[in-house]
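Undergrad: Sequence lines, in order, name chains C and V.
Each residue of the first sequence is one higher than the one before, starting from 1 at the first, in our numbering.
Each residue of the second sequence is one higher than the one before, starting from 1 at the first, in our numbering.
Worth double-checking, as some hints may not be accurate.
Here are the in silico distance ranges between beta carbons for each label pair [to be verified]:
#, chain 1, residue 1, chain 2, residue 2, range
1, V, Arg-46, C, Ile-37, 44 to 50 Å
2, V, Leu-50, C, Leu-54, 50 to 56 Å
3, V, Tyr-22, C, Ser-106, 24 to 30 Å
4, V, Leu-61, C, Pro-6, 29 to 35 Å
5, C, Tyr-15, V, Ile-54, 28 to 34 Å
Keep in mind the hints are simulated off the structure, nothing from the lab.
Glycine included, C-beta positions come from ideal geometry on N, C-alpha and C.
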Amino acid sequence: MRLLFPGQQLDETIYLVIRKHWFYLMAKVAAWFLFVIILFLFNYLVPKYFPGTLLSPYSDYIALFKNVYVTFLILGLLIIWVLYYVNIQVITNERVVDVSQDSLFSHVVSELYLTKIEDVTGEIDGVLPTAFNFGNVYVQTAGTRERFEFTNVPQPQKVEKLILDLSEHLQRKHVGIKDEE
Amino acid sequence: MQNLPTFNPTNYVQLGFGVVFYACVILATFMSAAAIYVLVRRGQHRTLCLTIAIVYGLFFLTLVGQGIHILSSIK
């Protein structure tokens, strides 16, 4: 497997790679599917109510329009899936990394060292998040950025517990090293 | 009007459709290239990313080829 984010060390242990819950992807695909339904309705209704469109050259123009429409449909599906797939949060033994691809031309990588974490909150809010067990995780730090947010992640309580456990372990380890010094 | 290898417009309506079609194709090609670049560059699993890129590329080229064929058959 290739490196997940810039600056990843070879000896860094990856505990968890998180993507948004599949329900979030399905909601976007469902919205995309509406446009597919529009195409089918167009195919059914236009010849029925405008039979002249079956004759040349109108049929050729409509075929060209449908061709371009389908091209953009599959492009849209690709973009939906790519943006879902490359948006990840990574929890390692040293830090939490948020790789955010907001659009095709916007890429942001944020890192937060586990020793800087003050508080972690897992939240499930709403009927569908409760039913499908997904929600948000907020990581509170003492830095200029107030909160690290992971939105629509699966099993937010487990993610919260993992981050807290790793953070406490690392902070105790650092305190132990300072005491020895 | 100048004869192009892919379509030969005989009036301004056909010319307009051709210009719009090629503009859409250029835009879709640019966006597709950007999406595939992001996928292959930042994807976690290289094999999966390359497979999806190739399959999408085949679909895309087929559709564009079909569109060019439709455009060239317009009389």
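Undergrad: Next, verify each hint and record whether it holds.
TA: Hint check:
Roughly 35 Å separates the CB atoms of Arg-46/V and Ile-37/C, a value that falls outside the hinted 44 to 50 Å. Take Leu-50/V and Leu-54/C: their Cβ atoms lie about 42 Å apart, and the range 50 to 56 Å is violated. Between Tyr-22/V and Ser-106/C the beta carbon distance is about 28 Å. The supplied range of 24 to 30 Å therefore holds. Range check, Leu-61/V to Pro-6/C: about 33 Å between beta-carbon atoms, so the 29 to 35 Å window is met.
The hint said 28 to 34 Å for the Cβ distance between Tyr-15/C and Ile-54/V, and at roughly 33 Å that hint holds.
The earlier numbered hints that this structure contradicts are 1 and 2.
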